[in-house]
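Engineer: The residues making up each chain are set out below.
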Amino acid sequence: MAGVLEAKGVRKSYGGREVVAGIDLALAKGECYGLLGPNGAGKTTTLRMLLGLTAPDAGTISLLGHPVPQAAREGRIRVGVVPQMDNLDPDFTVSENLLVYGRYFGMPEAEIRARLPKLLEFAALETRGASPIQSLSGGMKRRLVLARALVNDPDLIFLDEPTTGLDPQARHLMWERLRLLLRQGKTILLTTHFMDEAERLCDRLAIIDHGRMLAEGTPRALIAEHIEPEVVEVYGEGVEEWFGAQAKQLATRAELHGETAFCYTKDAAPAVASLKDHASLRFLHRRANLEDLFLKLTGREMRE
Amino acid sequence: MSVARALVAGRWVAVWRRNYLVWRKLAAVSIAGNIIDPLFYLLGFGLGFATMIPEVEGVKYIAFLAGGTICYTTMLAASFEALYSGFARMHVQRTWEGILNAPVSLEDVVLAEWIWAASKSLLSGTAILLVAIALGLGQSWTMVFIVPLAFLIGLSFAGMGLVMTALAKSYDFFTYWFTLVLTPQMLLCGVFFPISGLPGWVQAIASSLPLTHAIAIGRPLFLGQWPDSALLHAGVLVAYGAAGFWIALTLFRRRLLA
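Residue numbers (the numbering used here), protein chains in the order written: chain A, 7 to 310; chain B, 19 to 276.
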């Protein structure tokens with residue numbers, strides 16, 4: 007059988023503007039694969055094409071062995087989707103939402119009912135089965151959407167920005183649940199623009215911008231490949247002067263963005279020593295992370 | 019054709035059932051709303067005009083009015099469902115988006131909406147029919163056929179209404195449909211008076227409109243007569259509904275699957 011999800015040379019244009027300009031990816035069973043990109047990078051359009059909701063202009067897609075979009079419906083039988091914006095049914099209770107959604111998969115009522123307690127427990131909503139949707143917090147709604155995506159016991163789960171808008175507690179609970187799913191052998195494709203989320207969850211990830219894949223690999227390997235291992239961030243009174251006079255000599259690569267100087271280097275000791283003599287400057291010495299990689303590849307200018 | 023295949027495959031039933039379950043939660047309010055409005059028209063006009071117009075076409079005015087009222091009530095029921103409620107599910111609540119992520123196609127969803135809106139017509143039509151019977155306005159057994167007729171009227175107007183839903187940016191857009199398309203039909207198509215008394219050119223317009231054909235079947239059935247050319251009138255309703263549905267589906271594809 008083919009891989010869990012494969013895409014080759016996938017492209018899509020709207021009104022002459024190429025939104026997705028050649029995406030290639032292949033997900034192995036049980037891995038968590040992340041699509042990282044700034045707003046408007048083409049993440050959601052890519053997901054829609056992979057699910058067969060939008061036909062690509064070029065390229066081939068195979069979803070759980072089914073050609074997409076021709077047999078996308080058959081592929082979706084074993085897929086769960088957590089959309090970017092909650093679309094729970096406001097007219098139904100928590101349990102009714104799961105029950106009604108299960109019917110869209112052609113599941114018999116008894117089978118869905120038998121799964122309900124486990125799904126509610128997974129969503130940490132055991133006592134809220136009869137609650138109206140309006141009474142749930144943002145985190146609860148998000149977990150219910152995740153539980154709803156699991157109603158058909160899918161092999162592959164799509165998550166479009168699963169923790170956007172959640173508070174830290176709710177995010178951690180969401181991450182814990184996603185790791186639990188990975189331990190059960192589920193395959194996950196997620197989009198995010200939270201670097202900590204990607205670093206925690208993803209086995210592999212691709213950074214995309216302007217519809218193109220800029221880099222792909224494991225988070226640590228990508229960072230090692232593109233970024234110097236140590237970073238010193240400098241800010242405070244007189245940072246521009248310090249940057250102009252010293253930064254270039256003390257670091258392999260130095261950039262000034264707004265009021266912060268970023269120094270990338272193999273050895274941060276000289277920079278740190280220099281900063282000890284500047285009482286007005288504050289600094290943070292840390293390991294290079296995914297955010298450094300992301301900003302290097304996609305640039306620092308603001309996106310709409 | 020993909021719609022015929024979707025109809026047979028039956029995946030639309032789960033979507034139809036979702037709408038039915040929501041309706042059932044508020045059924046009492048919904049039915050009361052469906053009955054009260056036409057009831058006011060029926061009693062207000064029926065009793066009010068009865069002093070001036072004792073009989074129309076050989077029957078009591080209120081009985082004449084009842085047959086037309088049932089037809090336009092079913093027209094409105096399907097229209098409200100296909101436009102306002104359909105738009106809420108497609109756009110405002112994103113219910114369709116959730117359904118389309120499951121192994122359900124857009125054909126299944128739009129088909130379910132069409133049949134559901136017609137089901138609302140059937141429910142409303144039956145409710146007002148029972149009220150008319152309770153008021154002693156009619157007791158012919160031919161009235162039984164008004165129940166399937168209500169479903170057919172629903173298919174006709176919901177099919178056309180879904181075109182508006184597919185084009186709408188907001189609820190405000192639907193005002194055009196109601197004021198420019200449905201209200202004129204209520205006034206011109208013989209709900210309140212026979213169209214035979216209208217000027218020839220108005221009659222010509224009226225006879226091209228679907229509500230005229232609905233009433234041409236519904237009123238005789240209510241009064242215990244067999245309608246003339248029932249198949250022809252039913253054919254016009256089917257044609258309007260099927261054409262509307264086909265255009266709507268094309269527009270929905272363009273809007274949601276582009």
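To be clear, the hints were calculated from the coordinates, so they are not data collected in a lab. Accuracy of the hints is not assured; some may be wrong.
[As the list claims (entries may be wrong)] FRET-style restraints, in silico, Cβ to Cβ: (1) B:160 <-> A:171: 58 to 64 Å; (2) B:106 <-> A:246: 53 to 59 Å; (3) B:55 <-> A:141: 29 to 35 Å; (4) A:235 <-> B:31: 56 to 62 Å; (5) B:190 <-> A:136: 32 to 38 Å; (6) A:133 <-> B:22: 45 to 51 Å; (7) B:43 <-> A:36: 40 to 46 Å; (8) B:22 <-> A:64: 44 to 50 Å.
[As the list claims (entries may be wrong)] Chain A stretches covered by chain B per the calculated footprint, using a threshold of three residues with CB under 8 Å from any CB of chain B: (9) 55–64; (10) 97–107; (11) 229–235.
[Said to hold, decoys possible] On the chain B side, residues computed to face chain A include the following (Cβ under 10 Å): (12) 31; (13) 35; (14) 39; (15) 55; (16) 116; (17) 119; (18) 122; (19) 123; (20) 274.
Where a beta carbon is used, it is the ideal one built from N, C-alpha and C, also for glycine.
Engineer: Hint by hint, say whether it matches the structure.
Structural biologist: For each hint, the structure was consulted:
The hinted window of 58 to 64 Å between residue 160 (chain B) and residue 171 (chain A) holds, with their beta carbons roughly 59 Å apart. A hinted range of 53 to 59 Å for the beta carbons of residue 106 (chain B) and residue 246 (chain A) is consistent with their spacing of about 55 Å. The given range of 29 to 35 Å is respected by residue 55 (chain B) and residue 141 (chain A), whose C-beta atoms sit roughly 33 Å from each other. Between residue 235 (chain A) and residue 31 (chain B), the C-beta spacing of about 59 Å keeps the proposed range 56 to 62 Å intact.
The hinted window of 32 to 38 Å between residue 190 (chain B) and residue 136 (chain A) holds, with their beta carbons roughly 36 Å apart. In this structure the hint that residue 133 (chain A) and residue 22 (chain B) lie 45 to 51 Å apart at CB holds, the actual value being about 46 Å. For the pair residue 43 (chain B) and residue 36 (chain A), the supplied restraint of 40 to 46 Å holds, since their beta-carbon distance comes to about 41 Å. With their beta carbons about 31 Å apart, residue 22 (chain B) and residue 64 (chain A) fall outside the hinted range of 44 to 50 Å.
Requiring three or more residues with a Cβ within less than 8 Å of a Cβ of chain B, the coverage given for the stretch 55–64 of chain A holds, as 4 such residues are present. Only residues whose C-beta sits within less than 8 Å of a C-beta in chain B count toward coverage, and the stretch 97–107 of chain A has 5 of them, enough to reach three; the restraint holds. Only residues whose beta carbon comes within less than 8 Å of a beta carbon in chain B count, and the stretch 229–235 of chain A has 0; fewer than three means the coverage is violated. With its C-beta approaching chain A no nearer than about 8 Å, residue 31 (chain B) sits inside the 10 Å limit, and its interface hint holds.
A hinted interface residue such as residue 35 (chain B) counts as satisfied when its beta carbon comes closer than 10 Å to some beta carbon of chain A; here the least separation is about 7 Å, so the hint holds. The criterion of a C-beta within 10 Å of any C-beta in chain A is met by residue 39 (chain B), whose closest approach is roughly 7 Å, and the hint holds. With a cut of 10 Å, the hint placing residue 55 (chain B) at the interface with chain A is violated, because the nearest CB-to-CB distance is about 23 Å. The interface hint given for residue 116 (chain B) holds, since its Cβ lies 4 Å from the closest Cβ of chain A, which is under the 10 Å cut-off.
About 4 Å separates the beta-carbon of residue 119 (chain B) from the nearest beta-carbon of chain A, less than 10 Å, and the hint is met. Hint on residue 122 (chain B) holds. Least Cβ distance to chain A is approximately 5 Å, under the 10 Å limit. Below 10 Å, beta-carbon pairs count as interface contacts, and residue 123 (chain B) has one with chain A at about 6 Å; its hint therefore holds. Using the Cβ-Cβ criterion of 10 Å, the hint placing residue 274 (chain B) at the interface with chain A is satisfied: the shortest such distance is roughly 8 Å.
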